[in-house]
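Based on the sequences and whatever the hints tell you, model everything.
Chains as they are written, first to last, in the working numbering: chain A, -16 to 352; chain B, -16 to 352; chain C, 1402 to 1800; chain D, 1402 to 1800.
Keep in mind the hints are simulated off the structure, nothing from the lab.
Possibly wrong hints are sitting among the right ones.
Stated by the list, open to error - 25 Å max Cα-Cα, derived PhoX-like pairs, lysine-lysine: (1) K1424(D) - K1450(D); (2) K1705(D) - K(-4)(B); (3) K1678(D) - K300(A); (4) K1660(D) - K1487(D); (5) K1585(D) - K1515(D); (6) K342(A) - K1678(C); (7) K1678(C) - K(-4)(A).
Said to hold, decoys possible - Label-pair distances were calculated between CB atoms; the ranges are: (8) G1537(C) - D5(B): 28 to 36 Å; (9) P1466(D) - G279(B): 34 to 42 Å; (10) Y1756(C) - H20(B): 23 to 31 Å; (11) P244(A) - G1706(D): 56 to 64 Å.
Unchecked claim - Beyond 10 Å from chain B on every Cβ pair, some chain A residues (computed): (12) E14; (13) Q119; (14) A152; (15) D163; (16) E165; (17) Q193.
Treat the numbers as computed from the prediction; the structure is a model and nothing was measured.
All C-beta atoms, glycine included, are put in the ideal place defined by N, C-alpha and C.
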Amino acid sequence: MAAQMTEDQTLLKDAAERYLRDSYDFNERRERIAAGHYSDPTQWQAFADMGWLALPIDEDLGGLGLGAREMAILAELCGQFLVTEPLIEAMAVSHAILGNSAQKESLLVQVAEGTLIPVAAIDEAGEAARLSPTTQLTEDSGQWRLTGSKQWISAGASATHLAVLANSATGLAWVLVSVDAEGVSREIYPTHDGRGGASFKFDVTLDNAQIIATGEIAQDALTAYRELAMVLSSAETLGATQAALDTTVDYTKQRIQFGQPLASFQALQHRMSNMLIQTELTRSLVYAACDAADDGHADRGRFARAAKVKAATVGRKVSQEAIQLHGGIATTDEYIVGHFFKRITALESWVCSKGEALKEFMALPAAQH
Amino acid sequence: MAAQMTEDQTLLKDAAERYLRDSYDFNERRERIAAGHYSDPTQWQAFADMGWLALPIDEDLGGLGLGAREMAILAELCGQFLVTEPLIEAMAVSHAILGNSAQKESLLVQVAEGTLIPVAAIDEAGEAARLSPTTQLTEDSGQWRLTGSKQWISAGASATHLAVLANSATGLAWVLVSVDAEGVSREIYPTHDGRGGASFKFDVTLDNAQIIATGEIAQDALTAYRELAMVLSSAETLGATQAALDTTVDYTKQRIQFGQPLASFQALQHRMSNMLIQTELTRSLVYAACDAADDGHADRGRFARAAKVKAATVGRKVSQEAIQLHGGIATTDEYIVGHFFKRITALESWVCSKGEALKEFMALPAAQH
Amino acid sequence: MNASNPIPTDYETFREGVRAFLKDALSPELVRAGERTTSVFSDFEAGRKWQSILHAKGWGAPEWPIEHGGTGWDIQQRYIFLEECKLANAPNPVMMGIQMLGPMLIHFGTEAQKQQFLPGIISGDDVWCQGYSEPGSGSDLASLKTTAERDGDEYVVNGTKIWTSMAHHSNWIFCLVRTDKEVKPQAGISFLLIDMATPGITVAPFPSLDGEVEQCQVFFENVRVPVTNLLGEENQGWTVAKYLLEFERGGQHFTIELKKQLSKLHRLMTSETNRAKDDPTYAYRVAETEIDVMALEQTELRIKGSLSAGDNPGALSSLVKVSGTELGQRCAELLIEAAGQSAIPWQSEVLSPEYTGETAAPAECVTTMAEYINSRATTIYGGTAEIQRGIIAKHVLGL
Amino acid sequence: MNASNPIPTDYETFREGVRAFLKDALSPELVRAGERTTSVFSDFEAGRKWQSILHAKGWGAPEWPIEHGGTGWDIQQRYIFLEECKLANAPNPVMMGIQMLGPMLIHFGTEAQKQQFLPGIISGDDVWCQGYSEPGSGSDLASLKTTAERDGDEYVVNGTKIWTSMAHHSNWIFCLVRTDKEVKPQAGISFLLIDMATPGITVAPFPSLDGEVEQCQVFFENVRVPVTNLLGEENQGWTVAKYLLEFERGGQHFTIELKKQLSKLHRLMTSETNRAKDDPTYAYRVAETEIDVMALEQTELRIKGSLSAGDNPGALSSLVKVSGTELGQRCAELLIEAAGQSAIPWQSEVLSPEYTGETAAPAECVTTMAEYINSRATTIYGGTAEIQRGIIAKHVLGL
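The structure is reproduced here in structure tokens:
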């Protein structure tokens, strides 16, 4: 079923899909990652040139001023083509964190050009840090300092800058630091989704300009970032889920066992029908969550969480089934379908797990209509 | 897979199964229930004559002194043949409640003979009453009185006597009252499982002899009754589940659609395989729960609850699938398979729901081994 | 598309109009009939009365073209109307005539047939039942064996139909019959409109698993039907039926009913009488079901959007039917868990809209078990879930 | 039968003996190899070393007959041994020789074959791999195309095998090959024992989805195998293989591993680092999984009881395999949820038993993602879950 899109959205999607199909080869990607290059600077420059990085930035700041729906179009394609560059990370940080800062003008122009690659650094060893970090922003005689550590930052290997969530005397704060700054140490490691992760330790002296948001604004930015991350991770999951299904349909049509294509076996057909049904239901909810976010709908928080729960549930199930219906070939690193499974697994707990989203959904009453 | 049974258990099962197959006809049962006869006195007498009612009674009280494993054999057959007489109710009350009373000798001989048909009356309008009833046992100048009401008593239509759970000044109490006693009013209604239910109101003056247990003994009797009821309802569910599966296998072998038996369609075969797998797993757990009860195993409470959770889950799923795989015919009252589904549904929440059992299971630590 | 509220504000006036009418038109007895509905059919007489009230208002068949008595409402208005009827507990009339036969007559019927049959359908004076399935032909409908042999200006019909809902209340039946045994099954079927008063027709009602009587078997013995009662061409009945089947599956609004079930679940969640409140999984299962209903609602809206754009929803109606019915079953399971033992009493008389006495089950659980039982049939009739999954495999996935 | 503790007390002395031996024999490095095992295979060298230690103790192949080096233990003792090895984190040696080929050799082999091969298997000096599957023959194993043509006293083998676990560490391979193309597929297959050093064999290892290398493709180009290396009769290889497949499926003790996973889950439940503790469904899903493991354990005991009584478990081994592997997948899912983002780092070097340095993932999550990934393969190899369900449908239900 075709999704309803505006003409501009269709143009964006078609152009982006064409680019990735032509220029984002799965085998090149594997070799690049094996060589420890989790992000390809040429790709990133191309993303910038195509306007993807400017997409979520307000028009009066030189961006395209587009919203969640357009970001989700790109996120879905990231899932489909297993893009390892931190596109959803950068979009979410630009839109929800940097876009509300006093320094937004100078920062966002760099993001749009592709020279500043921002990733949010939230996670710490303890899970509670996701909402209230132990990393500290402190002031001593007018001098700001950031101390603490962050762990398991997805695409932390590819960031030029981190939006660090910290606590301060006046509540939450977002601080922007360069990964190369003095007092920042970064430990990079490979990850199962090919994205490259990193852990960070901070003991950094800061300019005022590096303090992006504090107090209520920082809290609102965290909420906005989390909800946008839920929507974009759902969209990326959706793209990977659809791709896993498509790959399975294609493979089972070709693979002959017992003298017939696997696709002719009724038990497998019914399972693929279930995969399709669930993927389409997810699609509807993800797009609705985008629209709710873009419309500033009273229920946008519920929709974001519902999309997260549904996409995580369906993505897991469909990608597991995709492996099972392929059989052995899907358990090899050389074949693409298992990589959808691994990326979907990594997205399940990125920023917010399905369980957290469900719990938060249950706590949010629906707006009257 | 054959269950491991002793020779005596095999004899018991074979004889009981032969009797029910010959003498417990599904269509007669339907007509009888439609006429408002939920329990057949001739059947009950036959059960007594075959020793089923004496089975759970201690040998020194003239019973057979058998345990949960043997009761479960009968319960399983009750599920298979859709017995509407209150056999599991009477066995559980005899074994867990009356068997610990001072009056046990005189009472149990009547139970064994079939003249006293005891059913436990626990449920009230509020769910909390299952563990702490509002029905009161009070004493006024040496005169005991029972006041309150009980609702939705399964097979309450067929009982001659009720073991009523009440609260008293010294805690829980079990009181035995005749359904015909002065001050007992009974409202009988038909039920979806054909068993006939009843609600009761009490304002009864009691003999001392009617007070079966009080205080700690009453509490222990409640625990014992609940755990035995969990095991026996699991066994009856298992019997109905297996019968629903068997009926489905038979029907799909005969029913021709698109020129072939339904049983030849792979999607249905795999679903019937799942039904078999889950039914066998349930069987293992139900029998283990019986053995744990009979051995006085430290983990018997965990096993009873595990069996309840598993049997309720599997019974629901398998009986739903049985209806679906049959198609339309299963949605008629004339065809047997839907009656397994209805009985399984009624058993799901009898004495203890799956949810309660799961919660209690989680609260019980496993004994070390 | 507005995410959670599909209806833009300019429809609110329309909604208020519908509400006002319903408030006025629905007697307490009709509301009770609506409340105590346990399947797609409400109490027959109540449903019939409600249809005549709707017809008098001019709302007897909103989806029909205006010239045949339709309302001219757009998709949004029809949705609002259905939603408000559901919220107001209006009973369901027997809808085989309006929902199924009507569109077929309008599409395939001769002028004479339209004039003869449409007015009686919309007024509710004629009650139609559907004669498709046979004892040996369920999912494999094309194997049907009821024959119609041409004899002059009449067909002579012999055979039997089963699962003929409400046949015992109907005065007309539309049937698929075999008019050619020599060709492949689908090619030899015709579509006949048969007066139930014709000699040779016997109706045998039988109880469903919930104990109530909605279903019948209908026997035909040398039943003579004028050839003018053939809908479409001879041997083209399969084409006619396929259109009908698609109509039955498509454009359905499962989420209206599902959201009502969810409201009931939410009310129960905090109720003293909720037997499932000790189940640690209960609240989360309600929430997950709610999320799935949201996903289905958005999918229905997507399909509605593509219908507005003139597309044929095609096999996607299978997706909606599978999801909608299976979600309905999940809601029914959650409700039965909340009711526990209090749902087990079965008092048939209580389902009558005239009944105002005491009930063994508490008020909110009177229909719970029957609804749970009947929910199982929703994935069987109108094309089983297995048939729908086969359609999706073939037509969407191309397997 | 004792419900929760399958082992009567008189086995406790035996258990203590096993424990004492393990405590003594397992070096910290061997334990690390056991702990960091993410599939059925541990680190190869560690597994090999452990096999030589077991062999020296006389415990190299407990299930074999005593005359070939078996221990003479009864079923209970073998269960205790496996359980204690698991609890002590002993590594898994490559077991294709001991678990699969050994029983076949003992059952079908000539005296000469037994004397030639059994000692090397039990000592671990010879490492065997299994050459069954081919690129075009997975579930449909009988369609295999690798040929062996008789030429004097030798067979000449041509073709390729895939999913040959540990072939890159093996010096022998047992293969199914086609010796007759004219008959129906199963009837033309023979069972050959092939020295991997024979000219014409090429081994191509390839990484699995978890990034590690266990699997290989093996190519045969005019590989000459003496006819004395034929196991069983020519063209009887399918019978030999079926015995093996049943042996692979039957008598497995899935619950030993599952209970270990559950202990880990219980530890995690109360741990600070549990990323799933805010999930309202988590504790209940662990409990439901625990109940299902209890049910499987009791089923394994029932089968063991019937094996003791001399029965053939037959298709029931399919039931245990499906349930055991799918429960393993559920445990792996629960563990990955508890680990969350901390499971995503992939540091291959950490899996080596020599590695004692820092890890990006916390200690308890180092293997979690690899275990989750590899759990998906357990319902594919050794006969897919679909094949097992087909076996149950055919042989148990008679469909």
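Hints, one by one, checked against the model:
| no. | hint | in the structure |
| --- | --- | --- |
| 1 | K1424(D) - K1450(D) | holds, 16 Å |
| 2 | K1705(D) - K(-4)(B) | holds, 23 Å |
| 3 | K1678(D) - K300(A) | holds, 22 Å |
| 4 | K1660(D) - K1487(D) | holds, 10 Å |
| 5 | K1585(D) - K1515(D) | violated, 30 Å |
| 6 | K342(A) - K1678(C) | holds, 17 Å |
| 7 | K1678(C) - K(-4)(A) | violated, 47 Å |
| 8 | G1537(C) - D5(B): 28 to 36 Å | holds, 32 Å |
| 9 | P1466(D) - G279(B): 34 to 42 Å | holds, 40 Å |
| 10 | Y1756(C) - H20(B): 23 to 31 Å | holds, 24 Å |
| 11 | P244(A) - G1706(D): 56 to 64 Å | violated, 43 Å |
| 12 | E14 | holds, 40 Å |
| 13 | Q119 | holds, 38 Å |
| 14 | A152 | holds, 42 Å |
| 15 | D163 | holds, 50 Å |
| 16 | E165 | holds, 51 Å |
| 17 | Q193 | holds, 48 Å |
Figure legend: structure checked against the earlier numbered hints; hints not met, in rising order: 5, 7, 11.
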